[in-house]
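Just need the whole structure built from these sequences, with the hints factored in.
2 protein chains.
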Amino acid sequence: MNSRKDIFKSRLNTLIEKKNSLLCVGLDSDIQRIPKALMNESDPLLVFNREIIQATQDLAVAFKINIAFYESLGTSGWELLEKTLRMIPGDVLTIADAKRADIGNTSRKYAETFFQTYQFDAITVTPYMGFDSISPFLDFEDKGVFILCLTSNEGSKDFQYLLVDGEPLYVQVARRAVEWNLTYGNCGLVVGATHPEDMEFLRNVATGLPFLIPGIGAQGGDLATAVRFGTDAEGKSALISASRSIIYASEGANFAAAARDAARTLKEEINRFR
Amino acid sequence: MNSRKDIFKSRLNTLIEKKNSLLCVGLDSDIQRIPKALMNESDPLLVFNREIIQATQDLAVAFKINIAFYESLGTSGWELLEKTLRMIPGDVLTIADAKRADIGNTSRKYAETFFQTYQFDAITVTPYMGFDSISPFLDFEDKGVFILCLTSNEGSKDFQYLLVDGEPLYVQVARRAVEWNLTYGNCGLVVGATHPEDMEFLRNVATGLPFLIPGIGAQGGDLATAVRFGTDAEGKSALISASRSIIYASEGANFAAAARDAARTLKEEINRFR
Numbered sequence: 001m002n003s004r005k006d007i008f009k010s011r012l013n014t015l016i017e018k019k020n021s022l023l024c025v026g027l028d029s030d031i032q033r034i035p036k037a038l039m040n041e042s043d044p045l046l047v048f049n050r051e052i053i054q055a056t057q058d059l060a061v062a063f064k065i066n067i068a069f070y071e072s073l074g075t076s077g078w079e080l081l082e083k084t085l086r087m088i089p090g091d092v093l094t095i096a097d098a099k100r101a102d103i104g105n106t107s108r109k110y111a112e113t114f115f116q117t118y119q120f121d122a123i124t125v126t127p128y129m130g131f132d133s134i135s136p137f138l139d140f141e142d143k144g145v146f147i148l149c150l151t152s153n154e155g156s157k158d159f160q161y162l163l164v165d166g167e168p169l170y171v172q173v174a175r176r177a178v179e180w181n182l183t184y185g186n187c188g189l190v191v192g193a194t195h196p197e198d199m200e201f202l203r204n205v206a207t208g209l210p211f212l213i214p215g216i217g218a219q220g221g222d223l224a225t226a227v228r229f230g231t232d233a234e235g236k237s238a239l240i241s242a243s244r245s246i247i248y249a250s251e252g253a254n255f256a257a258a259a260r261d262a263a264r265t266l267k268e269e270i271n272r273f274r
Numbered sequence: 001m002n003s004r005k006d007i008f009k010s011r012l013n014t015l016i017e018k019k020n021s022l023l024c025v026g027l028d029s030d031i032q033r034i035p036k037a038l039m040n041e042s043d044p045l046l047v048f049n050r051e052i053i054q055a056t057q058d059l060a061v062a063f064k065i066n067i068a069f070y071e072s073l074g075t076s077g078w079e080l081l082e083k084t085l086r087m088i089p090g091d092v093l094t095i096a097d098a099k100r101a102d103i104g105n106t107s108r109k110y111a112e113t114f115f116q117t118y119q120f121d122a123i124t125v126t127p128y129m130g131f132d133s134i135s136p137f138l139d140f141e142d143k144g145v146f147i148l149c150l151t152s153n154e155g156s157k158d159f160q161y162l163l164v165d166g167e168p169l170y171v172q173v174a175r176r177a178v179e180w181n182l183t184y185g186n187c188g189l190v191v192g193a194t195h196p197e198d199m200e201f202l203r204n205v206a207t208g209l210p211f212l213i214p215g216i217g218a219q220g221g222d223l224a225t226a227v228r229f230g231t232d233a234e235g236k237s238a239l240i241s242a243s244r245s246i247i248y249a250s251e252g253a254n255f256a257a258a259a260r261d262a263a264r265t266l267k268e269e270i271n272r273f274r
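Going down the list, the sequences are from chains A and B. Sequential numbering of the first sequence, starting at 1, is according to the numbering used here. Sequential numbering of the second sequence, starting at 1, is according to the numbering used here.
Any given hint might turn out to be false.
Intra- or inter-copy, both count: the list cannot distinguish identical chains.
[Claimed, not checked] Cross-link-like lysine to any residue pairs, in silico, SDA-like; alpha carbons within 25 Å at most:
1) Lys-157 x Arg-176
2) Lys-36 x Arg-108
3) Lys-36 x Glu-112
4) Lys-36 x Asn-105
5) Lys-157 x Thr-183
6) Lys-157 x Asn-105
7) Lys-157 x Gly-130
8) Lys-236 x Asp-222
In case anyone wonders, no lab produced these hints; they're calculated from the structure.
What follows is the structure, given as structure tokens:
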């Protein structure tokens with residue numbers, strides 16, 4: 001029994017077991033990409049999100065909301081975010097994919113925004129500014145904090161692979177996250193599925209931390225490796241996230257049914273590798 | 001003559017010359033810290049920002065808006081941001097202190113948010129995800145992009161000082177920014193005034209890049225070094241940013257006059273070291 005609470009991780013793994021799923025659906029909702037059929041609606045993005053949520057909520061363990069897509073709409077985007085969050089049932093975790101972090105008093109404001117104002121269950125944060133830029137998020141003991149470690153994009157090679165004492169920077173980030181987790185119990189890592197060769201090593205470094213794994217689907221990451229090495233010894237503590245390949249599975253009026261099919265297919269493919 | 005346009009840097013240095021100032025005032029406006037006298041107003045933070053802007057706009061070359069403080073207010077915070085931006089005259093640059101960056105299509109959304117929706121002149125971004133997370137911002141050729149290099153907080157020691165090929169990571173970041181600037185012409189660096197011993201070296205690495213220098217004032221950075229080594233050979237290309245020490249100079253009804261005094265004093269102190 002840990003003295004730490006591990007509240008978020010427990011919730012995550014309970015849901016993974018209950019739903020027999022590692023699926024995280026990313027709501028990267030973009031007015032330029034949603035079906036034309038929705039353009040007659042007074043709030044097309046809200047209808048889109050509602051349909052996608054209803055079609056996938058029993059399959060998904062989490063919805064990852066890409067804050068950029070809402071923020072870019074100005075004030076109305078934040079209203080959309082509020083309304084979208086209200087439509088998500090309690091048995092699906094909500095992750096603010098925000099990649100924030102700043103000096104302490106500023107990070108505290110960001111933490112309040114996402115954990116109190118919007119009541120997300122978890123957030124993604126960026127590590128460059130170090131511990132005191134992340135600890136204000138960790139202070140919310142029932143919330144999950146996924147620290148960018150090895151990202152899924154091409155630019156991950158620019159700094160994350162630089163060698164520090166013979167190990168890539170991203171491994172240093174993972175080691176520090178493991179250390180912080182000893183105290184806080186709510187750290188996780190973002191590990192892109194586009195680096196299958198490094199996933200196994202990272203899982204060994206960060207045995208007990210939940211991994212949020214983007215890069216499947218539109219970004220072309222390797223699913224088998226992501227599932228095999230991204231999960232813990234019990235096949236849990238991991239979320240495989242897909243956004244565009246699910247929510248834009250069809251451009252037609254059948255988009256919600258198509259999203260459900262894509263989500264179910266991915267969920268089943270994931271389970272085949274567990 | 002450069003083939004690049006250097007539009008932002010030219011604007012910055014023209015304003016520095018015209019106003020004989022390197023001062024950047026940070027609008028970290030916080031409902032818990034503004035004078036009680038404003039609490040009878042229907043929108044206390046808006047009145048606060050208006051008074052601070054009017055009291056310091058002739059002294060400041062830029063206003064740095066700490067997005068966290070607005071975002072934490074929910075929808076009303078973004079309305080406050082819009083209204084605040086409209087009050088800033090054209091001869092003061094606006095910097096979104098947002099510290100964003102994400103995979104390419106997401107960073108593009110963030111760039112649109114701050115450069116198009118809100119029409120900021122510049123932004124701060126975080127480098128961990130590498131070039132393709134920053135290039136969508138650089139694509140806006142008339143906007144300035146300040147990349148976090150050596151930050152002013154304690155946590156800067158956690159990763160930024162890790163040695164890569166015998167040099168700290170933050171120097172690698174500076175070198176890459178210099179390289180990117182050859183193509184784009186609109187890169188700058190965030191360099192905290194709390195590391196005076198490293199400022200000179202960084203200025204030699206990034207001779208031509210504008211520096212945004214926080215850490216003066218509440219954070220206790222060394223002003224003389226920041227000005228001497230933070231500026232370029234002509235005493236320009238640098239913004240010395242102070243937030244709390246100016247905008248909260250008085251808790252009384254005289255807060256705007258006190259902010260003006262603090263801003264003028266700091267502006268003059270800076271000029272004494274130029």
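Here is what the structure says about each hint:
1. For the homomeric pair Lys-157 and Arg-176, the shortest alpha-carbon distances inside one copy (20 Å) and between copies (12 Å) are both at most 25 Å.
2. Taking the shortest Cα distances, Lys-36 and Arg-108 sit within 25 Å of each other only across copies (22 Å), while inside one copy they are farther apart (40 Å).
3. Taking identical chains as interchangeable, the C-alpha atoms of Lys-36 and Glu-112 lie at most 25 Å apart only when they sit on different chains, with a minimum of 22 Å there against 36 Å within one chain.
4. For the homomeric pair Lys-36 and Asn-105, the shortest alpha-carbon distance between copies (21 Å) is at most 25 Å, but the shortest distance inside one copy (43 Å) is not.
5. Only between protomers do Lys-157 and Thr-183 lie at most 25 Å apart by alpha-carbon distance; the minimum there is 20 Å, versus 30 Å within a single protomer.
6. Within a single copy, Lys-157 and Asn-105 get their C-alpha atoms only as close as 31 Å, which misses the 25 Å cut-off; across copies the closest is 18 Å, which meets it.
7. For a Cα distance limit of 25 Å, the shortest separation of Lys-157 from Gly-130 qualifies both inside one copy, at 20 Å, and across copies, at 7 Å.
8. When the C-alpha separation of Lys-236 and Asp-222 is checked against a cutoff of 25 Å, the pair qualifies only within one copy, where the shortest distance is 18 Å, while the shortest distance between copies is 49 Å.
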